[in-house]
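Sequences listed follow chains F, P, Y and D, in order.
Residue numbers for the first sequence follow the numbering used here, so the first one is 1 and each next one is one higher.
Residue numbers for the second sequence follow the numbering used here, so the first one is 1 and each next one is one higher.
Residue numbers for the third sequence follow the numbering used here, so the first one is 1 and each next one is one higher.
Residue numbers for the fourth sequence follow the numbering used here, so the first one is 1 and each next one is one higher.
These aren't lab readings, by the way, just hints derived from the structure by calculation.
There is no bait here: all hints are sound.
The calculated DSS-like cross-link candidates involving lysine-lysine, where the alpha carbons are at most 27 Å apart (straight line), are:
#1 D:K124 to P:K172
#2 D:K124 to D:K177
#3 Y:K36 to Y:K198
#4 D:K202 to Y:K270
#5 D:K177 to Y:K270
#6 D:K202 to Y:K265
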Amino acid sequence: MFGYTLRRLSLACLTAAVAVTVLFVIIHLVPGDPVSIMLGPRATPEMKAALTAQMGLDRPLPVQLLTFFANLLHGDLGIDVFSGRSVTDIVLEQVPYTLELILASILWSATLGIALGCYSAVRRNTLGDRITAVLSVGCIAAPSFVVALYSLLGFAVALRWFPAIGAGEPGDWGDQLNHLVLPSFAIGLSWVGYVARLARASMLEVLGEPHIRTARAFGLPERWITFRYALRIAILPTVTVIGVGVSFLLSAAVFTEIVFARPGLGKLVIDSITTRNYPIVMGAVLISTLVFVLATALSDIVNALLDPRVKSSVS
Amino acid sequence: MTYKTRSELRVILSHLLRDPLGLAGLAIVAVVAFGALTADWITPYDPIALNIMDRLQGPSAAHWIGTDQLGRDTMSRVIMGGRVALEVALPTIGGALLIGLVLGMIAGFGPRWLDNLIVLLLDTVRSFPTVMFALAVVALVGPSLQTVIVVIMVTSIPTYGRVVRTQTLALKSNEFILAERSMGASTPRILAVHMLPNVMGPLAVLASMDIPTVIALEAGLSFLGMGVKPPTPSWGAILNDGYTLVRNTPWLVIAGGIPLIVTTLEFTFLGESLRDVVDPKLRKQR
Amino acid sequence: MSTREALLEIRDLSVDYATAQGALRALREVSFTVPKERIVGIVGESGCGKSTLIAAIIRLLAPNAAIRSGTILFQGEDLLGNTEKRMRELRGTAISMVFQDPMQAHNPVLTVGRQMVDIQYRTGISGAAKRRRAAAMLAEVGIPDPERHLDQYPHEFSGGMRQRIAIAMALMARPGLLIADEPTTALDATLEVQIIHKLKALQTEYDCSILFISHNLGVIAKLCDEVVVMYAGEVVERGSVRSVFHQSIHPYTRSLLDCDPGRIKERTGKLPTIPGEIPNLVSVPPGCIFVERCPDRIACCQCERPGWHEAGDGHGGACHLLEGP
Amino acid sequence: MAALLEVEDLRVRFSVRSGSAGILRLGAQRWVDAVAGASLTVSEGETLAVVGESGSGKTTLARAIAGLYHAQEGSIRFQGQELRGLAEGTFRPLRRHIAMMFQDPVGSLSPRLTVKTLITEPYKIHNFKDRDLDEEAIRLLDMVGLSADFASRYPYQLSGGQARRVGVARALAVDPKLLLADEPTAGLDVSVQGELLNLLGKLQDRLGIGILIITHNLNVVRHVADRMAIMYLGRFVEEGPTGAVFAAPHHPYTLALLAANPEPDPDAQLNRIELVGEPPSPLDRPHGCEFHPRCPFAREQCATQTPTRHRPTADRHYRCHWPQVWRR
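Isolated chain F (complex conformation) (with noise of 0.2 Å):
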């Protein structure tokens, strides 16, 4: 297992680093120059010269690429020019944020789609199991914007049941948690259809297997045979895609943050590019590529725990 975690880990660290210098030659390559963006259209030649070689842009891309890596390893993206704060600082206090508002987002999602995925699976055909798969489609179509718009709309402007703005007062558990409700619905909503639909077709297809008809021919009561022996099963594919949607939750927030005016990775790339101050720009795609990274390994690490047949054919 130990073997496997590091072996994954690895794995991570070499994705992300490939991924820093793919996302790092792509944006070179965009026709654009962040100079310019950053000046705006009245800057002067001998400005963006300035800038140019302050931020290093005027030497050849492997220098660039090289000094770049040198500097990520210090956890150093730069200064910013603005406030003259380090890029890594500002991006980072704005990562909880994100964060909290994914892992509510996945918490609750993940956790009633496996219950109904599990229901539709145990009852296959029924009326319930038909509700369920188009309420479940349904939920996927949502753009989770506009449900993000409506809910502020319905939830706290017209019925004034939660707060519409912000992330609540630092401290007040209780108030950040009341902010946290309509986002992580917004968010959320796409995903439970999506962890349904998934979990009824993976639960059916191990219901299906041969040894869960050995389970019944034993007699084992149907509760254990759908939780301790189908469930443990069916929920390893599940794992994994929560682990890959990560990427589409974090897609997500950057909306819900702007509808809700919450503080978070997509609001500070939102008001960056306003403000065309893009190292920090740049510094949030960054940390939102390395978060999704480590995401997907540990789904996958979990996978392995939950899954014998991944350990031993490792140790």
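Starting from the known structure of chain F, arrange chains P, Y and D on it as the hints suggest.
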């Protein structure tokens, strides 16, 4: 026993027509496609013509769902928005599918080192959170239809590439492919005649399920002002107008949101229904 | 059949499957008896209804299956009239099963020990005692070092070992009836012999009856006391193994035995076969089910279903040729 | 009879990696010899049966001969021409002479093609431009005893026996000289497998092809094979004319296989010989005679010394320290 051999397309169509949700999906998708194709003729007004005199009007006989803050006819903008949605979705998915197909097949059928390389590349690109990555690019080159298409395409390639690779790998050790090789079939022939038809099914389903995602992404980016450039009408842009003016003009939020939700919903239903036909496991039971 | 007391008695069992084409009559009026402490083999080719039959006995039929008629008496108790709860009480205690594919018969994410402890959930003994019994049972079926093996997962065992584990689990509660569904088909010949010998030894030791399903005539001949021959959902012949194999009375049994290349010692370029295919069971033909492929058919076979004819000593068959003049 | 296929000391090695294959391969790499020095010959018009249990390497052997797996050592000569190490481009024209049939009757047919397309594919692959494909399809179907209306069916509409016949038709379409048949009766009922064996025999008489049959079914071997070779852990432990091997096996493993093949006769007497344990993994080969841990007759010498090949007569050989002539 006699066997009627029906063409693949007819099997799929007859299934869709029997499934109420699939039928509804097909119908709405047809309506959106029709609207997109004929938008130039059926829009009652020019969707980008300003008419400050008529700004922020409520629904009326002249403007069925009112006008926006610049006096543009919302109905015309919604119809045109459908065209924009498809203009983004179709080339994006078409391109991603094609590139993914090629990369996936090379990875699955080619030498081990190439497979490793392609997988690493796909995994890397997959690890860019789509919207974040899109924002970074838009910040550099500015919002436009082309930017949105290219960015979403690039981030969608890994999904297709991985599915094709997995399928190809599974098929590669299948006895019928070994049989073809033992007969001396060339690699291009095996790929085109024997692999492709078996890979296309799941891929088509994936693509049809992906259309709503891309439409929603485009709308989302346009909602943030990072998608298509104004004054091009996009459902996301209409929603944004409505969001800022929600107190005076609630119909704008509804006019932008409803077609978006209905379209993504129906595309999803269509995709689900398609999957039921294509999925070999379900097919065997019929 | 024999005069021993019946453990399992199946009378006129008919099972249908609902299909898109209509009701598929998978079993039609199947009757036979499993006497106490005997091994009864069921032999037949694919599509003969073997799997449906055992699924009906333990009442684990597919959702689209329906029992049209018949009774299944187990120790005098009508299984078809039982509640699901009562059936669950019987499964694994009075009736247990060994399945065909040992590679997939066990839960892949639970240890063997856990699964063996779980199936003892009805006994009131402590967890440690359950574990000890599981280990003892593994030793019984010839698995060395059972204590250690309890903590292993199914994928860590070979196919032959897993089938031994399956037998250990099945016999743990000392059932009256063990149903074995092609338990050796997936195994190599040398392992098949080991398992057959083990089963025979355990059957004597545990005094249980075995209902042994196989398509392999040789295995049936070696293991069983009595045999039931099935074709396309019907019992065509049954009796003691010796009389059925030596004096077959049904043309299908004879053809099947003729086809077995193991019987033909001389090399021949022309092996016997049974031409034709199994009839479509959605529209069962009115006459004898075997008529289309029968080498000995007579006029009345086409239109009239043959009745059951006893040939003495529990040996009987369903064929018009058995009718007296 | 001229030798059609000569295989000498063939070795096929696979790499086994602990852990999932990925770009980071930190797991230890090990090699396993699936085929560990196998030699055989097949002459024109002759049938050789390779008999072995699962994991014995018999399928790997057939696939290596067909050029589907890479063989590391040894030689494969077809009509005197070396096949091992041949580039795919040079091998391709030869492939029309070597046909292969795979285990799964339905699964070895490309699922989205009709029977007609499937059986006429060899003509397209080998550029037989002058043939009328419709006519050829009917001829081939007739040859294997299927009616012409099968031409428009898809593989999933065929029964196992019918799919097998389609496989035979396709294999024989371009008149090969050698047929490699991997478990040709797998998945077929006894009442149907005779049909296929009769068909193969008939076609062999007519076309004079050499056949290599891979099987675990000894009953089948007796009726189709001129010679048989017994494979254990990637090597042949005994080889000889079928009748002679059946009548008097020399190697204990052969005897065990024969004894493990019960006849459908409740009164049949068998030389009961039961093997202990299970076949070892080729990753972990026993020392000395590789069969000794399971051999009921093993003596001390067997655990240390590898037996050499003995040739009691010109057409038989076996590897055993203590061969006994078992009379059956």
